[in-house]
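K.L.:
If you want the building blocks of each chain, they are given just below.
Protein chains: 2
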Amino acid sequence: MSLKKTRQENYPEWYQCVVSEADMAENSSSPGCMVIKPWGYGIWERIRDIFDEKIKSTGHENCYFPMFIPLSFFRKEAEHVDGFAKEMAVVTHSRLSMQEGKLVPDSKLEEPLIVRPTSETIIADAFSKWIKSYRDLPVLINQWANVVRWEMRPRLFLRTREFLWQEGHTAHATAAEAEAETKLMLEAYRELCEESLAMPVIMGRKPEYDKFPGAVDTYCIEAMMQDGKSLQAGTSHFLGQNFAKSANISFINRQNQPEFAYTTSWGVSTRLIGGLIMTHADDEGMIVPPKIAPYQIVIVPVIKNPADEEAVMAYIEEIRKNLSAQTPFGEKLRLKIDRRDKSSVDKFWEWTRKGAPIILEIGKRDADAGNVMIKERLKLGTPEGKQIAPRAEFCATAAERVQNIQKAMFERAKTRLFSNIRTDITTPEAFQTYFAEANQWIEEGKQGKVAFVRGKWSGDENSDQLLKNMKITIRCLPFDQSGTEGTCLLTGKPATIDVIYARSY
Amino acid sequence: MSLKKTRQENYPEWYQCVVSEADMAENSSSPGCMVIKPWGYGIWERIRDIFDEKIKSTGHENCYFPMFIPLSFFRKEAEHVDGFAKEMAVVTHSRLSMQEGKLVPDSKLEEPLIVRPTSETIIADAFSKWIKSYRDLPVLINQWANVVRWEMRPRLFLRTREFLWQEGHTAHATAAEAEAETKLMLEAYRELCEESLAMPVIMGRKPEYDKFPGAVDTYCIEAMMQDGKSLQAGTSHFLGQNFAKSANISFINRQNQPEFAYTTSWGVSTRLIGGLIMTHADDEGMIVPPKIAPYQIVIVPVIKNPADEEAVMAYIEEIRKNLSAQTPFGEKLRLKIDRRDKSSVDKFWEWTRKGAPIILEIGKRDADAGNVMIKERLKLGTPEGKQIAPRAEFCATAAERVQNIQKAMFERAKTRLFSNIRTDITTPEAFQTYFAEANQWIEEGKQGKVAFVRGKWSGDENSDQLLKNMKITIRCLPFDQSGTEGTCLLTGKPATIDVIYARSY
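First to last, the protein sequences are chains A and B.
Residues 306 to 810 in the working numbering are what the first sequence spells out, letter by letter.
Residues 306 to 810 in the working numbering are what the second sequence spells out, letter by letter.
Looking at chain A on its own, in the form it has when it is part of the complex (with noise of 0.2 Å):
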């Protein structure tokens, strides 16, 4: 029973199949923007409150700053501006009226508002009152917010006109701690794409010409998605004094001198769950991390005749009970019993198409001898894909299950990501060959095979060109760099500097 298209069929379809089928999210009537469904919404909230957690014992309070960003601020800061400049929504009147019978857009204001792309011009604005003496220093602060870029190709969760995200802020007294800060936030998101997401990624800076418009240096992390591409699943930015020029954030210092500030920003939007459906999915549907599934396990009741009901219920009534003191994670299991007026058949594969870790299917039989089914997700359409066992095993033995799940889907996913970087391709023209015949896979629409290639790049000023005619990009200058030297694989030329090429979303 597998979806409309395999990722071999066609791996754009695919992903749209399994948003739609898992009802994680649909395209809206507003042009652009998605409606994020309780499914979706669901594995967004626990991605939220895990990493709400770091952010806080990191230090970092939860602030909420305007949308609205008058117009004029984004003139202080030229690179930014030019960044942003194309895909801003801009609100220029205040009310509706009607006139000669049709709703008009009235009352126009006198500066047009910009609705945030991303809020470092606010922000900034806000320190330069908050912050005086090196005595107010760090400010660490964070946003959990809507943002808009006016995306012209839209695709759910990996690119819509309105997003959700965090943005952090901070603003420090030395170059160093601010450094120090961007990449204690990377490794922050390092830690929740892979022990949560289950989502391996490598972590790196990012050449000059793809920096953050107004950053001194942006570094990433990036995943490999099942077919090979790359997805930007987090950045964090090192803003120098850029803004805090820009909007005058500065202070007297320790030696009783006036200074800018530095300052940093950092964020992971919706898109992760983009990344997580093309990490994780197969051609049955979703399958969610338990770290970050909205439930854990999902019981179905098996009831073909209605006498049965009573007996059956109250045998989960008991299951319930035990699988509720366990706790996967240092939390308490997330259970559900669906109790909807459904068959029990549909309720499977609805739950399989969402991408529960377990379902548990009950019936009778099973309460009569003690038993319970088990169908692992994972392990769909495996002879180990469907258990029966004793209750009482069962419940025991739980929240273990949950854990090695999690832990299978991290290795099935790192093996994938490391069997998939190419070393071995050394010569401009074994490079221009591999990446014409992936680009050749890709248009048709296939799962592509293309891997990441990492190697040599000599850090010329005309490689974005270069890199566009190919269609692929640079994701990353790895921070583990092997220091040899070899040939740049775009230019011929001598290099030091390792990079990831790679596809990308």
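Worth flagging that the hints you see were computed from the coordinates, not collected in a lab.
All values reported here derive from a predicted model rather than from experimental measurement.
Accuracy of the hints is not assured; some may be wrong.
Below are the DSBU-like pairs computed for lysine-lysine, each with C-alpha atoms no more than 30 Å apart in a straight line [unchecked claim]:
(1) Lys391(A) <-> Lys407(B)
(2) Lys712(B) <-> Lys680(B)
(3) Lys637(B) <-> Lys719(B)
(4) Lys719(B) <-> Lys773(B)
(5) Lys647(A) <-> Lys434(B)
(6) Lys361(A) <-> Lys680(B)
(7) Lys434(B) <-> Lys381(B)
(8) Lys652(B) <-> Lys684(B)
(9) Lys434(A) <-> Lys310(B)
(10) Lys309(A) <-> Lys437(B)
(11) Lys407(B) <-> Lys381(A)
(12) Lys637(B) <-> Lys626(A)
(13) Lys637(A) <-> Lys641(B)
(14) Lys609(B) <-> Lys437(A)
(15) Lys413(A) <-> Lys391(B)
(16) Lys361(B) <-> Lys641(A)
(17) Lys413(B) <-> Lys391(A)
(18) Lys637(B) <-> Lys641(A)
Please build the complex by placing chain B on the supplied structure of chain A, with the hints as guidance.
P.N.:
Frame of chain A, contents of chain B only:
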């Protein structure tokens, strides 16, 4: 050391002082919008978490809907657009470009988009796709989001152009079910306000002319501020089939006939924090009820001699360990040890202004004697406001102490509410005289002694105008109607309906 303005001197200015001195929020450079700072946002997070649990335990699920609503959606419900048209932020362009050296809006949208003032229309559109049969009902969803209403006289928390809220939206197969939902959630709001915010409320129905635009019935909870004015703290609307008809939410009912669904919506916002301030704050600053205080106990080390630091901090660490086992409201006690590089006196005043329920000051003498100095914010300035107690005794009873503060705050507010509802004004003449005088006090900016007046109302159509002339409103038709006959205080006609007349925010 009272605030720059006391309640007696100037109530509105006192309010601004509390917000600012408690560092809860500030005006932003984005006109009419606020920055919610960590202490204010921390209170909102607590409110959100408590109510989110209630939302979920009553069977609702969280979603997220686009904040941009196509203008045409508002044409569908005539009353609805009339109600909101005057205060809508309108997005008309999707980029900025440089023209003659100026950055200007560019790329005009085919259809303007409204930044949601509330989401009935866009959610009804989604419901119309989700709901086909009675089997799909009820649909019970909620979202936590930002909304925009173009206020011309913004005030922090009470009226800002952008604010945060939750909005629940549900669809049902019968009117009775939808009405029950409306009242269920109103009751949930009462519980939130009274049990967590320690803010007593009156539950009732809005008069016809003051309903939510597009609703059949609007129910509300009304709270009394210290100046005797009323604050609408939450509303719950029975929308009948109005939005279902305009958005075509129809379903096949159990009789196999097509029928329009019955919908509801209900919301509370960051405005609650304004209500919280005007319920509990005093001339020294904010007082936060322990259930929603970001920190319930703050420990301020008092280090007079640097040599004492180690001993004092070790002693504080022991207290921290003891306290961390306490769970005043079924959750770990929230404790802050304030180690910042500031004087203990400054720290004491800062936490007093913020309204942390309990401040412990601990110095060398306390450590040596095994004592703690306990300062309860609610008792500031009274003999019991400062107590020395043996550490073991304090730690053992800390949870109880925190619970008692919660209880005392609610009792204090409840006494004020009940002792300020006048039922002895029974003629239109006395009524006119009373509010003429009360309005005079308020105009002078004093803490008015203005009371709620509970009396009769004939339901006359021109009531709205008569009330406007007197600068008062009917807050609600309380659920506990007496059923007796009397004289309408507005018109002098015979009347049976009881209402609450009051000045309002």
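K.L.:
With reference to the structure, classify each hint as holding or not holding.
P.N.:
Cross-check of the supplied hints:
1. Lys391(A) <-> Lys407(B): holds, 15 Å
2. Lys712(B) <-> Lys680(B): Holds, because 17 Å separates the two Cα atoms, which is no more than 30 Å.
3. Lys637(B) <-> Lys719(B): holds, 27 Å
4. Lys719(B) <-> Lys773(B): holds, 28 Å
5. Lys647(A) <-> Lys434(B): holds, 20 Å
6. Lys361(A) <-> Lys680(B): holds, 27 Å
7. Lys434(B) <-> Lys381(B): holds, 17 Å
8. Lys652(B) <-> Lys684(B): It holds: about 18 Å lies between the C-alpha atoms, which stays within 30 Å.
9. Lys434(A) <-> Lys310(B): Within the cut-off at roughly 23 Å; holds.
10. Lys309(A) <-> Lys437(B): Roughly 23 Å separates the two Cα atoms, so the pair holds.
11. Lys407(B) <-> Lys381(A): holds, 13 Å
12. Lys637(B) <-> Lys626(A): holds, 24 Å
13. Lys637(A) <-> Lys641(B): holds, 26 Å
14. Lys609(B) <-> Lys437(A): holds, 27 Å
15. Lys413(A) <-> Lys391(B): Judged against 30 Å, a Cα distance of about 12 Å means the pair holds.
16. Lys361(B) <-> Lys641(A): holds, 13 Å
17. Lys413(B) <-> Lys391(A): holds, 12 Å
18. Lys637(B) <-> Lys641(A): With Cα atoms ~26 Å apart, lysine 637(B) and lysine 641(A) stay inside 30 Å; holds.
Hint compliance for this structure: no hint is broken.
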